[in-house]
Structure formats: C-alpha cells, structure tokens
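Got chain A sorted already, so can you dock chain B onto it with the hints?
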Amino acid sequence: MHSVGQIIDAMIARYEKRAPLGAEGQAALRALPFEIRTYQAHNYMVREDERATSAKLLIDGLAYRHKVTVEGARQIVSLHIAGDFVDLEGCLLPRADHNVQVLTTCTVAQVPRDAVLDLVHSHGAVAHAMWIDTLIDASVYREWVVNVGRRDARQAMCHFLCEFGARLTAAGLADAHGYELPMTQEQLADTLGITPVHVNRVLRVLDDEGVVVRHKRFIEVKDWVRLRKVGGFSDSYLHLEQMVAA
Amino acid sequence: MPRYYFHLYTDDLMRDGVGQQLAGLAAAGDVARRSVSEVIAEQISRGEKVDLGHRLEVEGDEGIVMVLEYRDLFTGPAV
Chain A
360 MHSVGQIIDA MIARYEKRAP LGAEGQAALR ALPFEIRTYQ AHNYMVREDE RATSAKLLID
420 GLAYRHKVTV EGARQIVSLH IAGDFVDLEG CLLPRADHNV QVLTTCTVAQ VPRDAVLDLV
480 HSHGAVAHAM WIDTLIDASV YREWVVNVGR RDARQAMCHF LCEFGARLTA AGLADAHGYE
540 LPMTQEQLAD TLGITPVHVN RVLRVLDDEG VVVRHKRFIE VKDWVRLRKV GGFSDSYLHL
600 EQMVAA
Chain B
24 MPRYYFHLYT DDLMRDGVGQ QLAGLAAAGD VARRSVSEVI AEQISRGEKV DLGHRLEVEG
84 DEGIVMVLEY RDLFTGPAV
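Those protein sequence lines, which keep their order, are chains A and B. For the first sequence, the numbering used here begins at 360 and goes up steadily by one. For the second sequence, the numbering used here begins at 24 and goes up steadily by one.
The following block holds chain A by itself, in its conformation from the complex (with noise of 0.2 angstroms):
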C-alpha cells in the first residue's frame, strides 16, 4: 500500500509531465486541504442526485461508479484504482449523476470543490493536467460501452481482464502472474451487462481453455497473449502514457 505522500507525489509527477507546472503550481496542489477519510468496503462515497462537494483521490482500495435502471438492474460504468481522481467532474457540475460505491475499505484523500476550483482558475496548468485526467476517463468509457455493447461474453471478460491488468500494472498493483480483483460475480456480472451465471460459465471456459483463473479475489493469467487476442485489446485507448510519470 501506497502511503498518502507518496501518492500525492506521483499525482503531481504526472501532471508535471503533461503540462509544466513550475513550482508554484506544485506547490499549489500540495497545499490542497486534502482531508483523509475512510470508506469501509460497500459504503457509498457520492450517491447519484447529491449534490457534489468534494474531489476524491484514491489513495488505497477499489471504488466503483454505477447507475440503475428503473427496474433496479445495475450496471457498473467504470472502476478506479489507487491514484486516481475517482470524480473530478464533481467539482464542475452541481449534482452527481451516478453512485460511487467502494468495492474494499478505501483510504480517500478528498478536496473541497471550491479549492480545487480556486486552484484550477489561477493555475492554468494545473486545470490543463486535470481536464486531462476527465478526457482519459471519457476514453476509457467509450472503450466500455464497445465492450458492454459489441463483444460477446467471452471477448468482453477478457477485454475487461486485460484493461484491468494493464492499469494496475502502470500502477505498480500486478505483476506477470497476475493481480487481486476483488469484485463478486455480480459486480462481473453488473461490469460486463450479463448475469452471473454467464460470468460463471465465461470463468470456467476459459479455465479449461488455460487462458485465465479466477481464484475467489485473484486473478491468475496463464496466457496474457490469449487473453489479449480473445478480448482484441489494445492498451492505446488508455493513454497509460499520460497515467504514469516520466
């Protein structure tokens, strides 16, 4: 686990290197009154239709964003990992407009709206590197609704596997063997828009085929290249250049 320090450095470091902040924009984001608060696992961060108040950087654990359907089924848009600004864009608009729920304990370091808005309007480089983390989201969602959209069950699971596996790995969370994913079937399920018995049977066959095992909360890659090939990833639309610093 990553300390609070370190990852406010790295978060620094990466904007430094999309848009020269010079030192008093660094020193500016370090005096950011980030707040630490705590999230136990299932606990909601930000409920759709409140009213936004805070950015939220994720300094430990795995935070989701998801919407319902009238009927109450749900679908998960994106998931966020340590390092990541889990809702910039609640600084900009008024109101919520999906749940951010945390899938383990998270550790937050959270920033009222109005200083990350005071910050933006006098650093213009600052705002720069900022609008350039919503712009990755708004790829990373475009990639997703492809993948909820036009793979089926088997190539979207193993897209989801390999996107998953790439963020964690630019972030230093995985390694060759493979990374802790700590979602239930039915948040596979509520990711990929199946039910969790597809999910089941999706895991399963592609076990048999030695391409990938799920071991409760692990998940083992036997064949990344297989995994790669089946789901028809490409990490490009992450712009992981632009996640990690030089």
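Where hints are given, some of them may not hold.
Simulated DEER-style distance windows between Cβ atoms [claimed, not checked]: (1) B:67 - A:541: 47 to 57 angstroms; (2) B:67 - A:567: 17 to 27 angstroms; (3) B:100 - A:601: 51 to 61 angstroms; (4) B:84 - A:497: 43 to 53 angstroms.
Simulated from the structure, these hints should not be mistaken for laboratory data. C-beta atoms are modelled at their ideal positions from N, C-alpha and C, and glycine is treated no differently.
Below, chain B alone, put in the same frame as chain A:
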C-alpha cells in the same frame, strides 16, 4: 431477502457457490430464464449446437426449488 443458487448442468456441472439475493421465487425464475437465454444465445452465436437436455437448477433454503430445462423454453416438434 432469500438467497438462490443457480447450478448449470451442461456437459458438466457448473455449481453456483455464491448465489444471489432475490425477492422470491418469481424473481428467481426471471433470473433463471435470463441467465439461460444469455448462455444459449452466445452458444448459437459462436456456432455451437445447443443441447436441449441441458438445464439450470435453482436451489433455495429448502433445496431445489426450480428446474429449468432448455427444452422447456422452446415449442414446436421435438428435436
């Protein structure tokens, strides 16, 4: 809310060790049909033949509460 487990009997048995919390038998039936329809649809899409003898068994607290055979979802002359 009661928990229901959805065990898929195809060429082998795929046990559901986790289950889903659902409002009741009617909801479990909806989930069963939706689950089977997805699995069957993908098989057909991938060019596999679907075995009408396969089934989904739904287990509740009292044991198996529903059996959904693939053939029950289709009508017309028997294959």
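**OP:** For the range 51 to 61 angstroms, tell me whether the beta carbons of residue 100 (chain B) and residue 601 (chain A) fit it or not.
**Re:** About 60 angstroms separates the Cβ atoms of residue 100 (chain B) and residue 601 (chain A), which means 51 to 61 angstroms holds.
Subject >> Beta-carbon spacing of residue 67 (chain B) to residue 567 (chain A) - inside the hinted bounds 17 to 27 angstroms or not >> reply: 20 angstroms, holds
**OP:** State, for the Cβ atoms of residue 84 (chain B) and residue 497 (chain A), whether the hinted interval 43 to 53 angstroms holds or is violated.
**Re:** 45 angstroms, holds
Subject >> Supplied distance hint 47 to 57 angstroms, evaluated on CB atoms of residue 67 (chain B) and residue 541 (chain A) >> reply: Since the Cβ atoms of residue 67 (chain B) and residue 541 (chain A) sit about 34 angstroms apart, the hinted range of 47 to 57 angstroms is violated.
In this structure, the one hint that does not hold is number 1.
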